[in-house]
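Going line by line, the protein sequences match chains A and B. Position 75, counted from 1, in the first sequence is what the numbering used here calls 75; the numbers after and before it change by one each time, with no gaps. Position 64, counted from 1, in the second sequence is what the numbering used here calls 64; the numbers after and before it change by one each time, with no gaps.
Hints in this document: simulated from the structure, not taken from any laboratory. Please read these numbers as outputs of a predicted model, since none were measured by experiment. Every residue, glycine too, gets a C-beta built ideally from N, C-alpha and C. Possibly wrong hints are sitting among the right ones.
Claimed, not checked - DEER-style ranges, computed between Cβ atoms:
no., chain 1, residue 1, chain 2, residue 2, range
1, A, G54, B, N84, 40 to 46 angstroms
2, A, H113, B, T22, 36 to 42 angstroms
3, B, E53, A, Q14, 51 to 57 angstroms
4, B, E53, A, H113, 47 to 53 angstroms
5, B, S80, A, E81, 42 to 48 angstroms
6, B, K65, A, Y51, 28 to 34 angstroms
7, A, A53, B, V54, 26 to 32 angstroms
8, B, T5, A, A77, 33 to 39 angstroms
9, A, K57, B, K71, 26 to 32 angstroms
10, A, S20, B, E70, 38 to 44 angstroms
11, B, K57, A, P114, 42 to 48 angstroms
12, A, H113, B, N73, 42 to 48 angstroms
13, B, L95, A, A53, 23 to 29 angstroms
The lines below spell out each chain.
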Amino acid sequence: EDQVTQSPEALRLQEGESSSLNCSYTVSGLRGLFWYRQDPGKGPEFLFTLYSAGEEKEKERLKATLTKKESFLHITAPKPEDSATYLCAVGLDAGGTSYGKLTFGQGTILTVHP
Amino acid sequence: EAQVTQNPRYLITVTGKKLTVTCSQNMNHEYMSWYRQDPGLGLRQIYYSMNVEVTDKGDVPEGYKVSRKEKRNFPLILESPSPNQTSLYFCASSLSPRGLNEQYFGPGTRLTVT
Numbered sequence: 001e002d003q004v005t006q007s008p009e010a011l012r013l014q015e016g017e018s019s020s021l022n023c024s025y026t027v028s029g030l031r032g033l034f035w036y037r038q039d040p041g042k043g044p045e046f047l048f049t050l051y052s053a054g055e056e057k058e059k060e061r062l063k064a065t066l067t068k069k070e071s072f073l074h075i076t077a078p079k080p081e082d083s084a085t086y087l088c089a090v091g092l093d094a095g096g097t098s099y100g101k102l103t104f105g106q107g108t109i110l111t112v113h114p
Numbered sequence: 001e002a003q004v005t006q007n008p009r010y011l012i013t014v015t016g017k018k019l020t021v022t023c024s025q026n027m028n029h030e031y032m033s034w035y036r037q038d039p040g041l042g043l044r045q046i047y048y049s050m051n052v053e054v055t056d057k058g059d060v061p062e063g064y065k066v067s068r069k070e071k072r073n074f075p076l077i078l079e080s081p082s083p084n085q086t087s088l089y090f091c092a093s094s095l096s097p098r099g100l101n102e103q104y105f106g107p108g109t110r111l112t113v114t
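Construct the entire structure; sequences and hints are all you get.
The following block contains the structure:
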């Protein structure tokens with residue numbers, strides 16, 4: 001069964017303390033890996049798409065990387081406003097008509113203290 | 001303003017009473033999808049649509065129906081709601097027919113079935 005696992009479930013950081021979130025997947029035929037940010041009571045907001053191993057993307061204090069089995073979301077010198085739940089999702093090459101199926105991980109709740 | 005709208009935002013209903021949650025996007029997107037979000041289980045895909053009259057099951061389709069008669073609308077139908085369908089529901093859309101790029105999420109519909 002295809003699975004997407006995020007770790008840790010929750011992460012508490014001090015402002016300025018850099019760290020990484022992990023998204024591992026046990027699927028075949030990855031067509032894309034996505035990172036989203038979700039604030040309480042709101043819909044997820046898109047951050048990055050990665051399509052192939054070795055790819056990296058950056059946006060402000062965030063950097064996403066991808067290997068054949070996992071992705072990391074690196075947060076450099078975080079600020080309190082980076083506090084949110086971070087979700088990853090994978091699009092799979094399931095064959096047939098299931099090209100549009102996306103599977104999300106359970107998310108990592110990030111809290112950054114001033 | 002480019003957006004995905006959902007109605008209603010909040011709904012309390014009783015077991016067995018048919019209901020429809022509407023979803024509409026104004027971005028001319030090909031792909032639309034419904035998700036439910038439950039504590040500890042993350043976002044799970046219910047159904048998705050890659051074009052008008054083209055729909056397919058996600059991971060948790062049981063108890064739900066969808067239709068895509070127009071490009072902009074993708075309603076979610078619960079023919080006979082049950083308490084285990086109490087959840088937070090999100091609609092999303094994407095330009096790519098296979099959902100392989102940024103998805104725009106609606107604000108969510110909180111459904112309670114008693």
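Quick rundown of the hints versus the structure:
About 42 angstroms separates the C-beta atoms of G54(A) and N84(B), a value consistent with the hinted range of 40 to 46 angstroms. A hinted range of 36 to 42 angstroms for the beta carbons of H113(A) and T22(B) is consistent with their spacing of about 40 angstroms. Between E53(B) and Q14(A) the C-beta distance comes to about 53 angstroms, which sits within the given range of 51 to 57 angstroms. With their beta carbons about 51 angstroms apart, E53(B) and H113(A) fall inside the hinted range of 47 to 53 angstroms.
A beta carbon spacing of about 43 angstroms between S80(B) and E81(A) agrees with the range 42 to 48 angstroms that was offered as a hint. About 33 angstroms separates the C-beta atoms of K65(B) and Y51(A), a value consistent with the hinted range of 28 to 34 angstroms. For the pair A53(A) and V54(B), the supplied restraint of 26 to 32 angstroms holds, since their beta-carbon distance comes to about 31 angstroms. Between T5(B) and A77(A) the CB atoms are about 36 angstroms apart, so this pair conforms to the stated range of 33 to 39 angstroms.
In this structure the supplied range 26 to 32 angstroms holds for K57(A) paired with K71(B), their Cβ-Cβ distance being about 30 angstroms. Taking 38 to 44 angstroms as the suggested C-beta distance range, the pair S20(A) and E70(B) conforms, at roughly 43 angstroms. Between K57(B) and P114(A) the C-beta distance comes to about 45 angstroms, which sits within the given range of 42 to 48 angstroms. Distance hint check for H113(A) and N73(B): the Cβ-Cβ separation is about 43 angstroms, which falls inside the suggested range of 42 to 48 angstroms.
In this structure the supplied range 23 to 29 angstroms holds for L95(B) paired with A53(A), their Cβ-Cβ distance being about 25 angstroms.
Hint violations for this structure: none, all hints satisfied.
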